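Protein chains in written order, with our numbering: chain A, 561 to 745; chain B, 17 to 358.
Treat the hints with care, as some may be off.
Below, simulated EDC-like cross-link-like pairs (lysine to aspartate or glutamate); rule was C-alpha separation at most 20 Å, straight line [stated by the list, open to error]:
{"no.": "1", "chain 1": "A", "residue 1": "Lys612", "chain 2": "B", "residue 2": "Glu231"}
{"no.": "2", "chain 1": "A", "residue 1": "Lys592", "chain 2": "B", "residue 2": "Asp237"}
{"no.": "3", "chain 1": "A", "residue 1": "Lys628", "chain 2": "A", "residue 2": "Asp672"}
{"no.": "4", "chain 1": "B", "residue 1": "Lys203", "chain 2": "A", "residue 2": "Glu624"}
{"no.": "5", "chain 1": "B", "residue 1": "Lys354", "chain 2": "A", "residue 2": "Asp576"}
{"no.": "6", "chain 1": "B", "residue 1": "Lys165", "chain 2": "B", "residue 2": "Glu231"}
Covered by chain B, according to a simulated footprint, are these stretches of chain A (three or more residues, beta-carbon under 8 Å) [stated by the list, open to error]:
{"no.": "7", "region": "579-591"}
{"no.": "8", "region": "654-667"}
Hints are computed from structural coordinates only; laboratory data are not their basis.
Predicted model only: the values in this text are computed from it and were never measured.
From the three backbone atoms N, C-alpha and C, an ideal C-beta is built for every residue, glycine too.
Listed below, chain by chain, are the residues.
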Amino acid sequence: MVSTSDFEKNMVIKMDNEPWQIIDFQFVHPGKGSAFVRTTLKNLKTNKVLEKSFKSGERFEEIEFEYKKALYLYKDRKNTVFSLKENNQRVSLPLENVENEIAYLKEQIVIDLIYIGGELSGLNIPKKVALKVIEAPPAIKGDTVTGSTKTVTLETGLKVNAPIFIKEGETILVNTETGEYAGRT
Amino acid sequence: MKKIKKIKDIQIKRAQILDLIRDFFKKRGFLEVQTPILTKDISTEPYINPFSVQFSDDRDRTYHGYLITSPEYSLKKLLAQGFGNIFEITKAFRQKEALGGLHNPEFTILEWYRIHANYRQVMKDTEELVCYLVKKLYHHLYLFYQGKKIDVSLPWPRISVKQAFKKYVQINLDKTKNLNYFKTIAKEKGYRIGPASGGVNWNDLFYLIFLNEIEPQLPKDRAIILYDYPLPQAALAKKKSKKSFYAERFEVYVGGMEIANAFSELSDWREQLKRLKEDQILRKKLNKEVIEIDKTFIQALKSGIPLASGNALGIDRLQMLLLDIKDIDELLPFPAKKMFNS
Chain A
561 MVSTSDFEKN MVIKMDNEPW QIIDFQFVHP GKGSAFVRTT LKNLKTNKVL EKSFKSGERF
621 EEIEFEYKKA LYLYKDRKNT VFSLKENNQR VSLPLENVEN EIAYLKEQIV IDLIYIGGEL
681 SGLNIPKKVA LKVIEAPPAI KGDTVTGSTK TVTLETGLKV NAPIFIKEGE TILVNTETGE
741 YAGRT
Chain B
17 MKKIKKIKDI QIKRAQILDL IRDFFKKRGF LEVQTPILTK DISTEPYINP FSVQFSDDRD
77 RTYHGYLITS PEYSLKKLLA QGFGNIFEIT KAFRQKEALG GLHNPEFTIL EWYRIHANYR
137 QVMKDTEELV CYLVKKLYHH LYLFYQGKKI DVSLPWPRIS VKQAFKKYVQ INLDKTKNLN
197 YFKTIAKEKG YRIGPASGGV NWNDLFYLIF LNEIEPQLPK DRAIILYDYP LPQAALAKKK
257 SKKSFYAERF EVYVGGMEIA NAFSELSDWR EQLKRLKEDQ ILRKKLNKEV IEIDKTFIQA
317 LKSGIPLASG NALGIDRLQM LLLDIKDIDE LLPFPAKKMF NS
């Protein structure tokens, strides 16, 4: 068991039987009651992020986990298939477990797979990924209003709003938390 | 070099903000006072942890005292001596809190007291002070904090704590006077209130719900005032009426950050003494040092203080907001975290 005073970034705790990773935490001392810890947690199975405040001193079961580097190979109708860097072993994750990440997964990209208790349970998508634009409508002449955007299609099929100057064939960065354009590479 | 320049720029801006705060109060006829940082007695508040200090004189006689956690007692003693509207900018100290983030064990606090006034007039002072600072620094009535625009124009939205519980979590706070009822609601909401969480009291339940469900829903693009706190949350504030469950206390949130805590001062010495004794009992229960009640403070109330209302405002946090700084360690030239961990 770990107490809130043992909290560290990236630590994984068990809450409602799910593995939650501590992304960030900050102690708050309201002065008129016990201290609390405002915590940002990410569910390692669903990648859902939420903020929760715990009473200082609350205890949790800590979950041992490890990352393994893997190459993303392909997806079929049911699974996404990876090859582990350490031994080229093929492993797969059901599509429903990577529902939110699949749009950012480009074949041959190296990512971290998450193992909890020796079992593959999810993947850690980087905060920003680089993807190539495969379809971009040309900018309309005279449309010089700053901040105007257009919808472009990326190599994984993902569609994002990007500034009008982005052209087909360019590679752009996408924020995987918000699904928004995050700059040029 | 760039870093040094940044630190210097911040210190120049901090000094400018302090000057502006002094201007603001002096223009309104408040007297600036200086009360001791090292005192013999201190607030008994159960959840605030003072630095206890020992020192000796030239004859090796030893004394025991504290570093103030706020100048409140001294300022009220001055009110009892017949002072009018007063303010102080001083250092205060609290321990068992985080180093960095929104906390530093030594911090700068502004307190002001307005006589013949209740908390509504102090709400007005607070709004006007923040407006004055933002306007002087930026020539408009909004600021950008961590990429978000915060509107500070008047009047600020005001919501009572009771309304907030009703609006955001559909809880009738009146009914929580019954602790078991409050516990049942928290349990139904899925909060862990068993022994694993170390047991909970009324204030714990209040904060669990407030921090998890209410604070995140408070507007972040405005400065707002949350007022009328239930009695367990208002040790030094005056009750709304004799039988009320609420006291005249308010807090100020700017862009979601709490920067000030104010109330209509409790002037009834019997009621005050009763609450301080309750604090002592709770401190004992929490295995904390039982702090002696400041007799001269009770004496001051006994001799009579005028109807007054005051506010305590964290200057460091206000400066962080005004200067768009996320961590107090970037504001202070010598943050405790760095000093004590190197």
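Inset, instruction - Quick one: which hint numbers does this structure break? Sort them smallest to largest. - result: Violated: hints 2, 4, 5 and 8.
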